Amino acid sequence: MDSVLTITDMHKTYAGGVQAVRGVSFDVNEGESVAIIGSSGSGKSTVLRCINRLIEPTGGEVRLRGDLINTPSADINNVRSRIGMVFQSFELFSHLRVIDNITLGLRHVRKMSKRDAESEALGVLEKVDMLDRKDAFPGNLSGGQKQRVAIARALAMKPEVMLFDEPTSALDPELIGSVLKTIRGLADEGMTMIVVTHEISFARDVADRVIYMDNGIIAESGESSIIDNPKTERLKRFLSSINEED
Amino acid sequence: MIESMNSGNQRSPHLAFIGYFSIALAILLVLSVPANAQEYRSGWDIVDSGTLADLYSVESEGSEVWAFGENGAMISSNDGGLSWEAGESLTSSDLTISDSGYGSFLAASEDGTILIKSGNEIIWSDISLDIGNELVYGACLTGDNAAVIVGGNGSIWTYEMQVWSDRSVSGEDLLDVSFLDSERGIAVGEQGTILFSDDGGSSWDYRDAPTEASSSRIIDIEFFSEIRAYAITDEGEILKSSREINTAVGFLWNMQYFESEGGSANLGVNLTSIEIATTNKFLLSGNDGYLSMSKDGGNIVSRQMIPLGNSTSFNDIAMLDGFNGVAVGSDGSLLLTERSGEDEQVGFEVRDFSEFGNFVDYSKGMLIEGLYATINIVIFGIFLGFFLGISLSMMKTSPTTLKEISQRRSLVVIKSTGVIFTIIGLSLLRYLVPIIQNLGLDGWEYIYAPIGIINPDGITGELQFENFLFLILGVSLFLLGILLISANGEYKKSHYNIRGKEIIWNPWGIRPLNFIATIYTDIFRNTPLIVQFLFIHFGVQIGALIGDPGAEMLEDSSNFILTFLRDDILSNRACVSAIFALGLNSGAYQCETIRGAISAIPSGQMEAGRSIGLNYMQTMRLVIMPQAIRICIPPMGNEMVNLVLNSSLAMVIGYSELTRKAKLINAVTFQVFWSYGMVLISYFIVTWTLALFLRYLENKTRIPGLGISGGS
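Listed in order, the protein sequences are those of chains G and B. The first sequence begins at 1 in the working numbering and counts up one residue at a time. The second sequence begins at 1001 in the working numbering and counts up one residue at a time.
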């Protein structure tokens, strides 16, 4: 199978000396959706940010379709435009209307004309069911709507892989559904994606593969069925603690 | 900010407001220009002479005035020129020559007709003289019944005791003669001829005319007093003779140069006569309606308005005293003045500054000028400051550290760059060492070395900013070079333990752009603005350094913006200096304000921008700055209001802005409370309008969900 993203022995040590990621390796294949689960501080968000180098990894390799991207010679802006990212706190550009949030990258990175960019943007907004709010400012949207716009913003760039960084954890429970539905729809369409999430049920239902991270390393990984049949003690404990919360 | 203006329909009310604002401002300015009812009126009044004959000559004795003209016309007035009556015609010759004195009048024509009216007579007697082929050009009384006449080819005749005697000299035509008393007289003529007699005209000596007038036709001479004589040429030149320490008047003659004509010695008109009122005050007449007066011996000659057309040729003026006078000219023109012909100011009045209305009337024009000057430097200062502020704040927040720059390059490159930097740094410092040594400093005095090396020779020498640049570059490159040489590929912090305290030394964390911007802001924020004004204007002379070449560059431009820049801004050195002082200073403060706003933007915004592939500068420009500027509108308003208020310091460099105008108004009116009070109000109007505008801008650009701003 075609590997879109290859991560080999990734390390990240923060300036203060905290070793957030200590040798993580995995592949993501074409059309595959990978869920990364784990407790807070386990390094899962760091892994995600190291992939598109919002955080510079201190060791290891990241390859996008075989090209090494964590090297100074790589055109990082081009690489980032090929990797869509959705943030926990949405990070919409609050001074721009919904439609302008989406066309910003198209116009200034893809160098599209304003008209082309807008028709493109209307397409992705329809996909996330936000077409009717295209002229609203982000400040006037609910959390779920914001996150769907953020997904549309990433999608508009036609990324080869999407990274979701806890896309639902800043949302009220009743708003989570619409976002998850959107993500599930993308997965069904065959979008390659990595989802860092706390939604265990979502990981089980949508992900082709689940990676459980603990303390900077991959503690267990495999088909989504490992959630129901954890092999390691650590994953078992993690899952049971989550179930207790629920 | 720019992005949101482009998007959607918020645009129109926004522009409309700016439109209304500028219209209101324009109306305010137009209304405030003082209505100009003041004008000038001629100091001469037309008097009916009762004749249409050309009048050639006019004379007065007391209030008795006689004018002579074409075909023997003679008219007289006994009331100082107010009313005239025609005298009985005694000759049909044109009476072109006249004189008065000793209570007597004399009139003569070129053909030798000479009429005299002695002081104790009421009728004219004919004492005509036949001087053969020569024509008579000038005459002068030397007693109540004595005269001297001059004419062609050096003819001179004296008349005494009813007898004419020939005193002719060989030479050019003599055109006029004037006697101070019965003994001393001067005759003038063609080719710069000047003759002097001190025996009542019996014998004559040549005097030298100034070389400039050596070939001129000297047509009129007035031997006015012991200390002054004037003569004129028909080309519009004035010759002046004054008593010098060892020389009586009449010996040395000088050309009069006219300050009012740009230092020229020529008035550019055909003069016909000169009439002296006092030693330094004289009137001139000429063709084409020319009447003029000088009150300072000819330094400034001001042409006078006349109530007649310019086709009138004025031939003579007679002053009855220092102020009343009569001028005569072609077609019986006769003008009378009570004020030496000086233009009368109509609508001007002596102002009483103890009345507030009068005071305001007087000072508002100056205040508007000052306001205009203030607004000029403020607007350019704001632009310069904002530009600097944005640039510096971006430099200050730039994340790139030496470590990041170094990590991208191989160790060999780093180390060899280090060696090169060290060598360049050392050689720059070596170049500077002798200069610094020559300054003759000792001990702590070296803190003043930066000023010394820029201008080692003082006021006589040039400013050498490159030396200062070399100093900074030398030190920085040397230190940077050493650091780069010491690189081991890890670029880590060094931890030192000194007496139990941990010292962290992290040179690799230095951000070069931040470093440069910090030097700038530290310098400008830690020195007083008034000293910056003085240093920039008088020390650096930025007005001359930038304004002069700038004005020269725009010399040929005709575009109205460029001509405004050239004439109103660049040509005014103090203005250029003031703009730079305000802009550079405000830039340092605005930098900190904008930097604060940038740090208030969540870091996730930068991540989000970068994650869709925008580079750092694009993200700053399109994502961070538009939000940061919105956040910092209130503090920026502070900065701009401060800039307006600080602009009053421009008075220390002699820029005539509002505050300086107030001082000038004070100097005239002494109304301290009123003038400074009016300036306060003027400043308040400007800054309050600015503040209102910024408040409006803040509301218009407010984005839902960005920041806690209160209100809706």
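Keep in mind that the hints were calculated from the coordinates and are not lab data. Every value quoted in this text rests on a predicted model; they were computed, and no experiment measured them. It is possible that some hints are incorrect.
[What the hints assert, rightly or not] Derived lysine to aspartate or glutamate pairs resembling DMTMM-like cross-links, with alpha carbons at most 20 Å apart:
#, chain 1, residue 1, chain 2, residue 2
1, G, K158, G, D172
2, B, K1493, G, E56
3, B, K1492, G, E56
4, G, K158, B, E1607
5, B, K1700, G, D135
6, B, K1403, G, E56
[Unchecked claim] Footprint (simulated), chain B over chain G, 3 or more residues, beta carbon under 8 Å:
#, segment
7, 71-78
8, 230-243
[To be verified] Which stretches of chain G does chain B cover? Using the computed rule of at least three CB atoms under 8 Å from a CB of chain B, they are:
#, segment
9, 121-133
10, 182-192
Backbone N, C-alpha and C fix where the C-beta goes; we use that ideal spot for every residue, glycine too.
Now the hints, each set against the structure:
As the CA atoms of G/K158 and G/D172 are separated by approximately 29 Å, the hinted pair breaks the 20 Å bound. Taking the CA atoms of B/K1493 and G/E56, the gap is about 18 Å. The hint holds against a cut of 20 Å. Simply put, B/K1492 and G/E56 have alpha-carbon atoms about 16 Å apart, close enough for the 20 Å limit, and the pair holds. For the hint linking G/K158 to B/E1607, the alpha-carbon distance of about 18 Å falls within 20 Å, and the restraint holds.
Distance hint between B/K1700 and G/D135 is fulfilled; the C-alpha atoms sit about 17 Å from each other, no more than 20 Å. Taken as a hint, the B/K1403 and G/E56 pair is honoured in the structure, with Cα atoms around 13 Å apart against an allowance of 20 Å. Given a C-beta distance limit of less than 8 Å, the hint that chain B covers the segment 71-78 of chain G holds, as 3 residues qualify and 3 suffice. With 0 residues carrying a beta carbon less than 8 Å from a beta carbon of chain B, the segment 230-243 of chain G misses the three-residue requirement, and the given coverage is violated.
Counting residues of the segment 121-133 of chain G whose CB lies closer than 8 Å to any CB of chain B gives 0, so the stated coverage by that chain is violated, three being the minimum. For the segment 182-192 of chain G, the stated coverage by chain B is violated: 0 residues have a C-beta nearer than 8 Å to a C-beta of that chain, whereas at least 3 were required.
Of the numbered hints listed earlier, those contradicted by the structure are 1, 8, 9 and 10.
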